[in-house]
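Asks: Position 94, counted from 1, in the sequence shown is what the numbering used here calls 94; the numbers after and before it change by one each time, with no gaps.
Since the hints were made in silico from the structure, they are not lab data.
Note that beta-carbon positions come from the ideal geometry of N, C-alpha and C, so glycine has one too.
Hints may contain errors.
Stated by the list, open to error - Each pair of labels, with its calculated beta carbon distance range:
(1) PHE3 <-> PHE41: 55 to 63 Å
(2) ILE189 <-> ASN145: 25 to 33 Å
(3) SER110 <-> ASN279: 30 to 38 Å
(4) THR163 <-> HIS104: 49 to 57 Å
(5) ALA161 <-> LYS272: 50 to 58 Å
Claimed, not checked - Derived SDA-like pairs: lysine to any residue, alpha-carbon spacing no greater than 20 Å straight-line:
(6) LYS63 <-> ASN145
(7) LYS53 <-> LEU147
(8) LYS159 <-> PHE184
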Amino acid sequence: LVFSSMFYMASMMGNSLILLTVTSDPPLHSPMYFLLANLSFVDLGVSSVTSPKMIYDLFRKRKVISFGGCIAQIFFIHIIGGVEMVLLIAMAFDRYVAICKPLHYLTVMSPRMCMFFLVAAWMTGLIHSVVQLVFVVNLPFCGPNILDSFYCDLPRFIKLACTDTYRLEFMVTANSGFISLGSFFILIISYVVIILTVQKHSAGLSKALSTLSAHISVVVLFFGPLIFFYTWPSPSTHLDKFLAIFDAVLTPVLNPIIYTFRNREMKMAMRKVCRQLVNYGKIS
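Make the full structure from the sequences, and use the hints.
Replies: Here it is as structure tokens:
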């Protein structure tokens with residue numbers, strides 16, 4: 001309980017600080033930080049959809065969630081998942097242009113292109129989530145009503161239906177699992193292409209690897225649990241529950257740490273914002 005609450009608060013504070021820093025510091029008004037700020041906003045959503053209910057249930061002996069509440073969790077989880085997937089692809093594209101085509105960077109990554117990525121991310125998340133729910137919201141539920149998980153998600157939810165769900169489970173695997181797996185490999189291939197490109201310029205290789213290592217770490221943390229949840233055919237295990245907590249509580253905390261740990265510009269801007277907040281508190 002204590003650790004879950006601490007990680008939830010750390011996630012909210014860390015991602016809120018990134019949002020505040022990027023929006024308030026003019027030197028950070030660039031495509032890379034615009035996408036990072038939107039990723040932090042999405043991570044705030046990840047924490048808020050699952051963690052408060054999970055922490056609240058730790059106080060209770062009988063852990064209950066309504067059907068509507070369960071559907072709402074699934075709806076927002078899949079919107080956020082779709083948005084984050086597209087944002088990570090957009091961030092990989094941004095790094096590719098910045099490292100491989102630096103002279104064209106401002107032309108390619110224009111404000112219009114950034115807004116296109118943002119709209120595409122939210123539209124993809126919304127369509128993905130609605131398509132999933134259309135097939136499951138009217139399923140007949142007449143028997144077991146215990147979810148062997150810390151929050152509602154489709155694989156465990158479908159198993160409670162009083163009907164043959166083989167085709168539905170295959171649809172979920174195709175929609176979520178294969179999309180996650182495909183996007184993951186696309187991202188990894190794009191990073192390999194970037195590394196091979198900058199190998200020709202040894203002077204920029206170390207800086208490029210430093211930048212890409214943060215992106216690759218976040219991609220692995222995001223897609224690892226997703227690929228396991230939606231492509232692994234076995235029933236619920238202890239590993240499922242660990243990955244559920246990791247995905248809902250730990251990943252939103254680690255993302256801001258990973259993206260700021262080696263980013264000198266971001267760390268300086270965050271210190272500046274923190275000093276301003278402290279000074280404002282003293283004046284008040």
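Asks: Next step is simple, just say for each hint if it's right about the structure.
Replies: Each hint, compared with the structure:
The hinted range of 55 to 63 Å is not satisfied by PHE3 and PHE41, whose Cβ atoms lie roughly 25 Å apart. A beta carbon spacing of about 43 Å between ILE189 and ASN145 contradicts the range 25 to 33 Å that was offered as a hint. Between SER110 and ASN279, the C-beta spacing of about 36 Å keeps the proposed range 30 to 38 Å intact. Our hint of 49 to 57 Å for THR163 and HIS104 holds, since their Cβ atoms are close to 54 Å apart.
In this structure the hint that ALA161 and LYS272 lie 50 to 58 Å apart at CB holds, the actual value being about 53 Å. Distance check on the hinted pair: LYS63 and ASN145 sit about 12 Å apart at the alpha-carbon level, within 20 Å; holds. Restraint check for LYS53 and LEU147: the C-alpha separation of about 14 Å stays at or below 20 Å, so the hint holds. This hinted pair does not check out: LYS159 and PHE184 have alpha carbons roughly 27 Å apart, beyond 20 Å.
Hint compliance for this structure: hints 1, 2, 8 are broken, all remaining hints hold.
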